[in-house]
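Enquirer: Counting with UniProt numbering, you get residues 1 to 79 for the letters of the sequence shown.
Derived by calculation from the structure, the hints in this document are not laboratory data.
Every residue, glycine too, gets a C-beta built ideally from N, C-alpha and C.
Take the hints with a grain of salt, since some may be wrong.
[To be verified] Restraint-style ranges between C-beta atoms, simulated for each label pair: (1) G65 x M33: 14 to 22 Å; (2) E79 x S50: 44 to 52 Å; (3) V10 x Q61: 33 to 41 Å; (4) G23 x A74: 16 to 24 Å; (5) P26 x A78: 39 to 47 Å; (6) E20 x A78: 16 to 24 Å.
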Amino acid sequence: MWDKPGLTWVIGPWDEVTVEETGPDPAFPPVLMISGTSGLLTIRPPSTPSTWMTRVRFLHQLRDGADELAALLAKRAAE
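Work out the full structure, taking the sequences as your base and the hints as a guide.
Expert: Have a look at this one:
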């Protein structure tokens, strides 16, 4: 669902998260794919390896945020 000014992804029961290896060439780094009935979201780092560590920090923040959201949802579902 497009929710201006950004994008809102409502998680569906068949949505999946995978990591796709695109090849050994640094110009084609691995990507994170979120796919499902709503569409496809690809998170791709830039092709310049020297900038990857800033993206690593972002991915850790994304992971931590997802863990926090999962814990909140589990807690509220149990109440």
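Enquirer: Take the C-beta atom of E20 and the C-beta atom of A78, compute their distance, and say whether it sits inside 16 to 24 Å.
Expert: 34 Å, violated
Enquirer: Taking the Cβ atom of E79 and the Cβ atom of S50, is their distance within the range 44 to 52 Å?
Expert: 47 Å, holds
Enquirer: Is the hinted range of 33 to 41 Å satisfied by the C-beta distance from V10 to Q61?
Expert: About 21 Å separates the Cβ atoms of V10 and Q61, which means 33 to 41 Å is violated.
Enquirer: Does the Cβ pair P26, A78 satisfy 39 to 47 Å?
Expert: Check passed, 45 Å falls within 39 to 47 Å.
Enquirer: Looking only at beta-carbon atoms, does the pair G23, A74 fall within the given range of 16 to 24 Å?
Expert: At roughly 37 Å between Cβ atoms, A74 and G23 fall outside 16 to 24 Å, so the hint is violated.
Enquirer: CB of G65 to CB of M33, is that within 14 to 22 Å?
Expert: At 18 Å between Cβs, range holds.
Comparing the model with each numbered hint stated earlier shows that hints 3, 4, 6 do not hold.
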